[in-house]
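S.K.: So the chains spell out like this:
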Amino acid sequence: MITFVVFSIRRAWQGFWRNAVMSLAATATMVLMLMLLAGFWIIQTGLLAGLEFTEQKVEVVAYLQPNVTESQVTALRGEVEAMPQVDAVVYVTRDDALVRFQESMQAQGREDLTQYLDSNPLYASLEVKLVDPAGIRVVGDALREDPAVRNVINIEDLVDRVLTVTNILRTAGTVLLIVVGVICLFIIVNTIRLAVFARAEEIEIMRLVGASDAFIRWPFVFEGAFVGFLGAVITLAVLAAAAEPLSGFMVEFFRVLPLQVGSLTRDLVALVMGAGVGLGVLGSWVSVRTYLIR
Amino acid sequence: MTIAPSPTPARSLRRRILRRGPDPSDRDRAVLVLHDVTKQYPNGKVALRDVDLVIPEGDFVFLVGPSGAGKSTLIKLLIRDEVATRGDVVLDGQDLARLPRRQVPKMRRKIGIIFQDFKLLPTKTVWENVAFALEVTGHPRGQIRAAVDRVLAIVGLTAQAQQTPSQLSGGEQQRTAIARALVHDPRLIIADEPTGNLDPLISWEILQLLLRINELGVTVLMATHNADVVTALRKRVVALEEGRIIRDEVGGAYHRED
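So the sequence lines, in the order shown, correspond to chains L and Z. Here this note's numbering is used: the first residue of the first sequence is 226, the next is one more, and so on. Here this note's numbering is used: the first residue of the second sequence is 9, the next is one more, and so on.
None of these hints come from the bench; they were simulated from the model. As the structure is a computational prediction, the values presented were derived from the model and not from experiment. Heads up, some of the hints might be wrong.
[As the list claims (entries may be wrong)] Simulated restraints, written as ranges between beta carbons of each label pair:
hint, chain 1, residue 1, chain 2, residue 2, range
1, L, 226, Z, 58, 42 to 48 Å
2, Z, 157, L, 227, 24 to 30 Å
3, Z, 167, L, 467, 53 to 59 Å
4, L, 423, Z, 170, 22 to 28 Å
5, Z, 89, L, 400, 44 to 50 Å
6, Z, 157, L, 492, 53 to 59 Å
7, L, 419, Z, 94, 36 to 42 Å
8, Z, 46, L, 425, 27 to 33 Å
Where is the CB? At the ideal position from N, CA and C, for every residue including glycine.
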């Protein structure tokens, strides 16, 4: 068994270097395809994070009656928080609302108009963050029915439209990623098929001298895995080198998104390595099979 | 050009007497028995019809016939590249039609095959080309070294061991292929037009090598168009035409002599 594995790996190594042109062409194709795949995957991840970020912004604001009592607010708040669609509820008192207004005016460099008023004209409100923006209608309707609520801003239709757009983008991104993945699969498998085809005579000789299927197949499979591994390493090296200038350019964009660079890097390494080695092995297996089934 | 036929060992001579017809007692001694073999390809073409052939151990047989007579199909049946539509092909006591696919490689190790186009690997040296046959069948390296050196000595290529096929003459390339065929210690050597690409002088050289290997006890089946060689050597000649054996005689010539 060990002899067999050592034999296969040695033969794979020899096979790679003795057919250097074909092997390097396959590796180069592998690198290009993996870069394409990694690029689309990064874009897809960014897109998903962006959409999630947008959807998190959706919240229901319920303005309360001016004469509402503290106990009514507490009761309503408890009721709303108990709803499964609700993530968190923030109670904004009239004073809080005034402070916020003044701050926002100041931030925009405009005059504070509230100084000309005798009393606070603003209403207290409940700001309800949702688990999923799709729940906006249920939560909105529930709030409207409560007597303590003066009005709820109707953004349901707007949210529906936003959700339609984000869902389309999400589906489109996934479909595009799958299409790119399938393209990579076919191109890589075909390139390896060519590399194996160039050595059809070697396989024929092996069959004629009585090599068993395993002895014919495994060296090619190891070689495919090696091409995939090498391709993945080169791809990751290029991505790592490009990450610094790219992230400098994109930092503003990515900073606002709920992305973790650590897990992103880990997933990317797993994706590129897995796709590289996996496609290399698959390509070799499929290609050699053609010659073995006879 | 004349070359004296090499002296035939008494052992093969005795066997030769048994050559004709599939006598059941022959099966034990025979390397190869074909009984009522018919091969029809999926496209309907019948390449072999009711072929009976017994090749005893140590025999040297010429397989002759025009192109398309069925020589290649016969060889394909022997290495189980194809399976007979009807009849038995028994190699070294094993019925090839009933041989499970997994056993085919093991069976092929009992056969050494030589082709007109040599089928050497251009990126490997002579030594590596021969060693290849043992490496891919899982022999340990220590064993390989001794075996390869031995067969290279038999074919006379010890000095060229480290050269690649492109540095060799045609005859030397064919000798490399013969060494590769021989390195497994096969029961049967099948040579498919081994001299087809070589000039007459070199052809004789290759033939003498095959005769010498035959003297070492290896059965040889050689398909050829080379009439001079067949007629001069007066070995057993099996002639195929349109898929049938039309002649099977010891000491025969390339063409029928009536």
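S.K.: Now, for every hint given, state plainly whether the structure supports it.
M.R.: Hints and how they fare:
1. L:226 to Z:58: 42 to 48 Å: 47 Å, holds
2. Z:157 to L:227: 24 to 30 Å: Since residue 157 (chain Z) and residue 227 (chain L) have Cβ atoms about 26 Å apart, the given range 24 to 30 Å holds.
3. Z:167 to L:467: 53 to 59 Å: 55 Å, holds
4. L:423 to Z:170: 22 to 28 Å: Hint holds: Cβ distance 25 Å, inside 22 to 28 Å.
5. Z:89 to L:400: 44 to 50 Å: This hint holds: roughly 46 Å between Cβ atoms.
6. Z:157 to L:492: 53 to 59 Å: Since the Cβ atoms of residue 157 (chain Z) and residue 492 (chain L) sit about 55 Å apart, the hinted range of 53 to 59 Å holds.
7. L:419 to Z:94: 36 to 42 Å: Cβ of residue 419 (chain L) to Cβ of residue 94 (chain Z): about 40 Å, so the range 36 to 42 Å holds.
8. Z:46 to L:425: 27 to 33 Å: 30 Å, holds
Violation of the numbered hints given earlier is absent; every hint is satisfied by the structure.
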